[in-house]
Amino acid sequence: MAENTRIVKNATCTFCGCVCDDMELTVDLDKKVITKAKNACVLGRAWFAEHQIDDRPVAMIDGKEAPLEEAIEEAAQVLVNAKFPITYGLSDTTCEAQKQAVAISDIIRGTIDTTTSVCHGPSGLAFQDIGESTSTLGEVKNRADLVIYWGGNPAESHPRHFRYSVTPKGMFIPNGKKDRTVVMIDVRKTPSAPVADILIQVKPGKDFELLWALRALVKGRKVDPQIQVMTGVPLETMTDLVERMKNCRFGVLFFGMGLTMTRGRHFNSGALLALATDLNEFTHFVAKPVRGHGNVTGADNVVSWQTGYPFGVNFSRGFPRFNPGEFTTVDTLTRGDADAALIIASDPASNFPKAAIEHLKKIPVISLDTKETSTSKLSHVAFATSTYGINTAGTVYRMDDVPIPLRPAFESPYPGDEEILFAIKKRVHELILSKCGATGATGEARVASKLML
Amino acid sequence: MASTLRFVNGRVYDPANNIDGEVRDICIKNGKVVDSLPDDTPSIDASGMVIMPGGVDIHSHIAGPKVNLARKLQPEDHRHDPHPGTNFTRSGSGGTVPSTFATGYRYATLGYTTVMEAAVTPIGALHTVEELHDTPVIDKGFYLLLGNNIYLQTLLKEGRHDEFKQAVGWWINKTKAYTAKLVNPGGDEPWKGKRNSNVTDIDEKSDLLNISPRDVIEAFVKTVNELGLPHPPHIHCNNLGHSGNYKTTLETMKTAGDLRMHLAHIQFHSYGGEPGKNPDSKAVEIAEYVNTHPNITCDVGQVMFGKSTIMTADAPLAYLLRGFKKGKWVNADAECESGCGILPFSYQEHVFTHALQWAIGLELFLLSEDPWRIMLSTDHPNGGSFMSYPKLIRLLMDKEFRKEEIGKVNQKAIAKTNLPSLDREYTLNEIAIISRAAPARALNLKHKGQLGPGADADITIYDDQEDKEMMFNAPRYVIKSGEMVIEDHEFRNDYYGKILHSAPEFDEEISEDIRPFFEKYYSIEFENYGVADHYLHEHEIIPRVSS
Amino acid sequence: MSLELSMHTRPQVPLEAELLGPDKTLGLDSKAVSGLQIQHGNEQVTVGDFFKVKGKGEGAIHLEGDLARVKLLGSGMTTGKLHIHGDVGEHLGVGMSGGEITVDGNAGDWVGPEMAGGRIVIKGNAKHLAGSAYRGSAAGMLGGEIFIHGHAKNEIGHGMRNGLIVIGGNAGDFTGVNMLAGTIVVLGEMGIRSGAGMKRGSIITMNPAEMLPTFSYDCIYHPVYLRLLFRALRTQGFNISDAKLTGKYQRWSGDSVELNKGEILVFTP
Amino acid sequence: MTETMILIPGRSSKQGTSLNKGKLKEEYIDVTSILEMNMDDMTRLKLKDGDEVRISNEIGSAVVRCKGRKPDDLPSGVLFIAYGPPSSELMDGDTAGSGMPLSKHMQVKIEKVAA
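Chains as they are written, first to last, in the numbering used here: chain A, 326 to 778; chain B, 68 to 614; chain C, 14 to 282; chain D, 3 to 117.
Bound conformation, chain A alone (with noise of 0.2 Å):
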């Protein structure tokens, strides 16, 4: 063991939306890396181990190095003169900095969105459909004897999400898996697949055709059994996993993006939010999709108390306005609406549509991220940020919205988002009010102390 060796009890894992907060951290202080993460999956080991110091400059302005005050200037000035500035990303960050984050946009009147709306933002829509019977994962723990995952394979992407749904013991599940019977519905027979007492193979792009002829049978409504031609599915596993959802305690629908992102999007999420609504009409049923990176549930929440929406809104008018597909991320882009964008902890020039990402080479890009990335490597200016939960403080929310808060493993001499996004917004909030010619106390006053949130 090194000699300048910290032990950090019950840290939190941010990379996926299962948030584990039982981590054992080992720090090499001197070296500044975590040595050993007791307690994390693969995901979560990579995540520890991989986050050391780069040498990076803090700030580049086009590529080259430039003082932090610089590039903050710069940042202010690019959003403050934009027409249609966006910002999005915020999955992979504090709770405190997506406050400043939203904070930007509304004083700049811009467009804030989140890798929500690429990851379960179907599934924010159909909650605004259909609404949501859900439960914190520990109701899941304590009382679920049917646990059905729909669309994901949690073996890969949320490895210790069965900590929680599958293996543990429970108030009222005291054998753990035994007393539990768990099916997966999947177009594929995925790494998550052997947890699964019930495998249920369903064709490519017929999940909402299952889902709703499941519906049917729940609502005692008759099914053709030409079905099983169009889903893969017998009708007779399908009248099998009615009753079972039926009769079971208490029952739980996971899904993940095999359902948002498929085509019907929004509607196969909403499909199976109202299959669990149906079943209450029988047993406590509950439904959750199986959230991704790390706090995009922080996320939903924050933009959600600050403007009303959860993600996709608009701040042209001096007030939130919500439409997804017009305020979203990928549109904003692809349409060539945006002529500036901050980009935060996200990279959206590695995985969004081709047509978005030319449109963000054109344009002003401003990013913070912990790595280099496609994006950060487009940018006009690029900040190098600390990564939340190895370096900063704050709080994160798991995938069932419970929040918790981090517990950082060394310093690290980048600073956090949030102190970047502080400064920014402060900035921007000196522009306009100059821009707008307002004076007087009252405003700028209140600049420093009070537009703190």
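Hints are supplied without guarantee of correctness; some may be wrong.
Listed below are the simulated DSS-like cross-link pairs for lysine-lysine, each with C-alpha atoms no more than 30 Å apart in a straight line [said to hold, decoys possible]: (1) K458/B / K513/B; (2) K356/A / K23/D; (3) K389/A / K23/D.
FYI, nobody ran anything at the bench for these hints, they're computed from the structure.
We have chain A already, so just place chains B, C and D on it with the hints.
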């Protein structure tokens, strides 16, 4: 920042100090009301104006997990009611569940400066604190949902009353809450564990723990009084909304003996009739009990016609309401702690039940003899938005207006009540009691709800107008902690109030009793639970009161 | 004389021009119209900054130029005529209750959302969510007519409560999803999942369609009202053959997860 | 020989771990350019593990290396790839008023790239 302010020639309503419409000066220095200021202090002329302490809302739903779910759920409700920002205030959106910024600013535009969030799960306390920080102008606190807490109920079952008390103290401290809140005690377990059923009788024992709602209520009344929390247990009785529930309400009140108890939104608990059939009004019976029992305080939970949002820890009730229209509905179970139900709702004049609920609320206001113990609330946003308070005040103050409004609603419902025969009109002094002085007293907020020297300079100044709805809709000045937030009806300043909470003494040892339970049945780490001190920023601990 | 606006400067970012409608410009001269405020991104600008204005507001308004970035034209329109000689952006005729909008080119997403009356004619194609509800609302189009001569995409008539939508070309997925009542005619081909969640209302199509498992086949017949409807549509320039006018249609009823009182009629040659 | 198949980009744990090293690092680029394919399909198309194939649609095209999966695990006609630059190339920017591009379930043409 103006550290001194003086208003002269205004008519002051400060019931806590027995000032009923006297013309006198109000002086403010460093955020507090003071006796006097040097003669050369500039004055603001408040002739023709009415000065009251800032409003105090004792029961509202403004922040936390369920509120945010309700916000996210209803873009259609926000869309038609945007809340634009200014150079120094943030923008937001309105509707029945406004964004945090809009909530704070809108309360301020009605002259309210203190608001209590009435139902927070312990696991959601941190989320609530985060939202409250983003709720401007007002001071705020929250009540902690403990009435269906499985650990606490297990202690009761085992007869470990001292541990029960220590654990309640632990939870209040751990989450920075104000007091304990009980919602449909005993109802969660059948909802979550017995196929969405519910408890229907205050003496019905649960299969699991062999305790009844009455056992839970009794334990909390005793414990909260012993702990000296500034506000007694805040109780949402069993059988909310059900015909015949007034009996449960009476039994609940009796359980208190002569100890302090606050009943939330009592209107929803004052129904006669047979379960499952149409209700009638038992406002007379409920008001009679409250009138004769000075240990009881309550807020009304008035229903106002129009759009509302049902959001409640009473999950079975929300599901029942969902059954009428089968529209969108949210259920959200919090592990070991609570249930929750949310749905958009609308109260309509022509609907029998809605009209009856509206009338019963008004009856309760008008039949209650002691305004210090019946407080103004709509159980925002359940009975309607807090934005409808000015209209409600006019209904109470103006019997001609009330008569007109009674004429517009379902007359069969009105026939089931005594409302048409009630001629009482609230005075400005009584309005000042039910909307500020009484809630501040019930909360033991000694520096609020009054304008004596040393009081917090949370002050609202209205133009005196004949139409009380107009008057209470748009105060001319609102001062928060001595800062002029609204001047001439316009925001002049942004301000962020503090979090008000309790810190009762308790035996730290109890955490070692809670820990094993927690580690077994919760899904987060014990050390990461609750609200750490650094999350509080500006806050004030409200001292213990002796019972 | 009507009001004529031609675009002289292309907007760099979306232009929101909800004031440009025949009713809101009624009685205004060209100078007054030029001075009307519209929104260019986050800036307030005037109509004159982007359009050359001729004529007077007398109930008809013509717009010319590349209007693909211009949103919210004809918002809340109650009367008069709005003619767009070219393409147009999103939210055309949102919530309109009367009058007529004609677009010679293509339209963006959300044509006539939550409209209550009047008529919108798109000679080219439209995109997604024509005649639909906005997110979170249960009710979309409340009345009036939307005629799209080209193709349209997903969620046509989402939550539609009343009125008529006719698509000359193909429709995307989820045509008439969650519709409460009203009529949708698709002369081309429909995508998948038509009528999902519909309570009442009619969807009529001329080509074979994939039915959801919650729709059941009733019969084959000739609904008399179709003849009347199609005759009227012919006068609107829709090409409907005699065979379709007088032919037989399969009737499917659904959606059985809802009221099951909706119908999908499929032309059967 | 060209065939039309359904491409399902998704997440894999290898992609997840390599992402932490950096998305511009070789390992990530490598992980995101391997196309999983039904073995029977591969045999039919005369492909073996490591062969380069071009996948394309009306939006764009990408060249990736293929790797066989048992027919039980991956049905015939379905392709799997970890999210990354190649999947972006094929993604349509039209979100159908939802904000979400169709990122899974894309119809693509697949053909062998001559060595």
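Violated constraints from the hint list, given by number and in increasing order:
As far as the earlier hints go, not one is violated by this structure.
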